[in-house]
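Participant: Chains as they are written, first to last, in our numbering: chain Y, 1 to 325; chain Z, 1 to 325.
Keep in mind that a hint or two might mislead.
In this list, chains with the same sequence are indistinguishable; a pair is considered to hold if it fits within one copy or across any two.
DSS-like cross-link-like pairs, simulated, lysine-lysine; straight-line CA separation at most 27 Å [unchecked claim]:
hint	residue 1	residue 2
1	Lys-105	Lys-154
2	Lys-154	Lys-257
3	Lys-278	Lys-71
4	Lys-13	Lys-92
5	Lys-105	Lys-260
6	Lys-202	Lys-308
Bear in mind the hints are in silico, worked out from the structure with no lab data behind them. Please read all numbers here as calculations on a predicted model, not as lab measurements.
Number of protein chains: 2
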Amino acid sequence: MREETGNLQSARKSVRLLDATMRDGGIVNAFLFSDEFAKNLYETNVKAGVDIMEFGYKADEKLFDAKKFGKWKFCKEDDIRAIVGENKTDMKIAVMADVGRVDLKRAVADKKNSVVDMYRIAAYLNQIPSALQMAEYCKSRGYETALNIMAISKNQESDLKRALEEVGKSSVDVIYIVDSFGSLYPEEIRRVSEIYLEVGDKYGKQIGIHAHNNQQLAFANTIEACACGVNYLDSTMSGMGRGAGNCHTEAMLGFLKNPKYRIEPALAFLRGFMKPLKESGAVWGYDVPYLLTGLFNAHPSSAIEFIKNGRDDYIEFLNALLFME
Amino acid sequence: MREETGNLQSARKSVRLLDATMRDGGIVNAFLFSDEFAKNLYETNVKAGVDIMEFGYKADEKLFDAKKFGKWKFCKEDDIRAIVGENKTDMKIAVMADVGRVDLKRAVADKKNSVVDMYRIAAYLNQIPSALQMAEYCKSRGYETALNIMAISKNQESDLKRALEEVGKSSVDVIYIVDSFGSLYPEEIRRVSEIYLEVGDKYGKQIGIHAHNNQQLAFANTIEACACGVNYLDSTMSGMGRGAGNCHTEAMLGFLKNPKYRIEPALAFLRGFMKPLKESGAVWGYDVPYLLTGLFNAHPSSAIEFIKNGRDDYIEFLNALLFME
Chain Y
1 MREETGNLQS
11 ARKSVRLLDA
21 TMRDGGIVNA
31 FLFSDEFAKN
41 LYETNVKAGV
51 DIMEFGYKAD
61 EKLFDAKKFG
71 KWKFCKEDDI
81 RAIVGENKTD
91 MKIAVMADVG
101 RVDLKRAVAD
111 KKNSVVDMYR
121 IAAYLNQIPS
131 ALQMAEYCKS
141 RGYETALNIM
151 AISKNQESDL
161 KRALEEVGKS
171 SVDVIYIVDS
181 FGSLYPEEIR
191 RVSEIYLEVG
201 DKYGKQIGIH
211 AHNNQQLAFA
221 NTIEACACGV
231 NYLDSTMSGM
241 GRGAGNCHTE
251 AMLGFLKNPK
261 YRIEPALAFL
271 RGFMKPLKES
281 GAVWGYDVPY
291 LLTGLFNAHP
301 SSAIEFIKNG
311 RDDYIEFLNA
321 LLFME
Chain Z
1 MREETGNLQS
11 ARKSVRLLDA
21 TMRDGGIVNA
31 FLFSDEFAKN
41 LYETNVKAGV
51 DIMEFGYKAD
61 EKLFDAKKFG
71 KWKFCKEDDI
81 RAIVGENKTD
91 MKIAVMADVG
101 RVDLKRAVAD
111 KKNSVVDMYR
121 IAAYLNQIPS
131 ALQMAEYCKS
141 RGYETALNIM
151 AISKNQESDL
161 KRALEEVGKS
171 SVDVIYIVDS
181 FGSLYPEEIR
191 RVSEIYLEVG
201 DKYGKQIGIH
211 AHNNQQLAFA
221 NTIEACACGV
231 NYLDSTMSGM
241 GRGAGNCHTE
251 AMLGFLKNPK
261 YRIEPALAFL
271 RGFMKPLKES
281 GAVWGYDVPY
291 LLTGLFNAHP
301 SSAIEFIKNG
311 RDDYIEFLNA
321 LLFME
């Protein structure tokens with residue numbers, strides 16, 4: 001599925017920009033986005049030429065207290081429809097499902113009764129069989145599917161390759177590189193992309209990338225993967241996402257050369273919604289503790305806690321991080 | 001002068017990390033660093049294994065009002081000595097001189113009477129003859145020299161190559177790639193690095209890189225250049241520098257594999273000095289207007305002004321930027 005990869009002066013028609021602001025950003029604010037925010041983001045993404053908008057998670061209300069989370073933790077059909085109507089646009093709608101956090105057989109309607117186009121299944125490497133079962137189920141109900149293999153920086157390449165072979169044989173449409181800890185350097189991203197793209201070539205799959213900004217490499221890693229032939233590119237407005245956040249949608253809209261991508265709608269959204277959201281106290285983005293968790297390939301949870309507690313004793317944080325390792 | 005370039009698991013002895021916090025960061029606060037800051041930064045850099053510390057500019061007091069700038073705009077010998085004594089350490093001391101902003105014949109003592117080790121001459125491509133004259137003068141007084149060719153993203157490659165040939169034939173020790181506008185992508189940095197390294201190989205020169213963070217690519221571009229064989233790597237604490245700032249020294253200390261580099265002293269300095277400096281109102285670092293000046297290869301001055309005025313009408317800013325272009 002790899003096409004000519006193009007260059008900095010060309011547009012590649014196979015590229016798909018996926019805005020995951022309400023999904024990865026939702027982890028920051030417990031998915032408590034107002035309907036006005038959701039509606040405006042939807043309209044912004046349509047105008048900006050974004051190919052896919054991810055609304056949130058499909059999580060099980062039996063497992064998560066609906067009083068503690070906004071509705072985008074659950075992404076009910078009616079809630080999405082309240083924003084998008086019948087979604088009579090070229091932009092597709094995605095939701096994410098984590099392995100073990102939702103009973104898809106209860107939660108997922110037939111595609112003909114849904115405005116959702118794509119289910120993205122997120123799984124750790126050791127959950128691939130469960131993830132594939134979920135993906136096959138979604139495919140059987142008529143949806144496009146992606147499988148996001150998380151935290152690959154913690155896995156051995158040989159294990160990853162074996163897992164990718166299994167995913168290759170499945171009906172999954174897109175296989176995602178996920179640098180959950182923001183620990184991979186561009187040089188490594190090129191090597192990992194090559195591994196995924198080989199499987200993509202072999203089995204006719206698209207490859208995607210979801211980068212984190214712990215070391216301020218999310219944008220660099222995303223465009224480097226793109227240059228290698230990775231087509232599905234995740235980003236969020238202002239980089240909103242867990243901890244250090246993600247690749248910025250506005251940076252991607254500026255970078256991508258296909259004239260359908262427009263940065264102006266994103267700039268208006270940043271001013272109208274993202275800046276106020278940040279000023280209201282939502283905390284995300286690069287900071288020293290994330291550099292350290294990224295550097296030592298650790299989950300950002302301890303860094304999030306450290307920042308939340310207003311601490312700046314970075315050396316103590318580093319020492320705790322190294323001891324934990 | 002290109003050696004084996006190594007990989008992510010190896011240390012390359014020819015790498016030189018240059019901390020330019022007080023020079024590029026000085027542009028942010030008019031060089032008004034306290035002696036306590038300077039002294040602590042010096043000690044931090046020594047402990048962290050930084051190879052070269054740049055103290056500021058060698059500017060002419062006849063051209064700049066000494067009441068409007070801190071002393072590091074002028075870097076008098078006695079002021080540097082007040083911080084470093086005889087500098088009985090392995091770390092070298094650098095100062096920068098801009099073409100046309102200093103009379104080096106009056107300002108530069110013989111090396112035997114100075115603790116300065118290196119003069120870095122900053123010039124636009126059309127100022128190379130003047131810059132070379134300055135560099136040759138510094139060399140004749142016994143100093144190491146670097147020539148920083150600024151804003152190369154505005155120049156034609158063919159002109160750049162001709163200029164590099166001239167610099168190659170001079171006595172300059174290090175030739176610097178300077179992405180003044182933060183507009184170059186890693187892919188371009190690799191191409192530019194190759195152009196410089198060819199000249200370096202031909203004439204026995206070291207190559208350096210000074211990156212800016214307008215598109216959040218300063219760290220990525222620096223480590224990509226390093227992987228190509230560029231040895232002199234500029235960075236600043238917390239990325240402090242004009243506009244979007246620079247590659248972060250702490251990120252480089254984490255990235256570089258030579259065991260002489262230690263991140264802990266930098267972490268203590270961030271806590272003790274950089275965080276308070278930022279909290280006191282000094283403004284630098286990535287922001288939307290810098291993404292736009294970087295994207296359109298423009299000087300960041302309009303973005304700095306925009307942010308200073310508390311504006312967030314990004315679309316009007318973009319429109320003005322495109323019209324100016």
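Participant: Determine which of the earlier numbered hints do not hold for this structure and return their numbers in increasing order.
Facilitator: 1, 5 and 6
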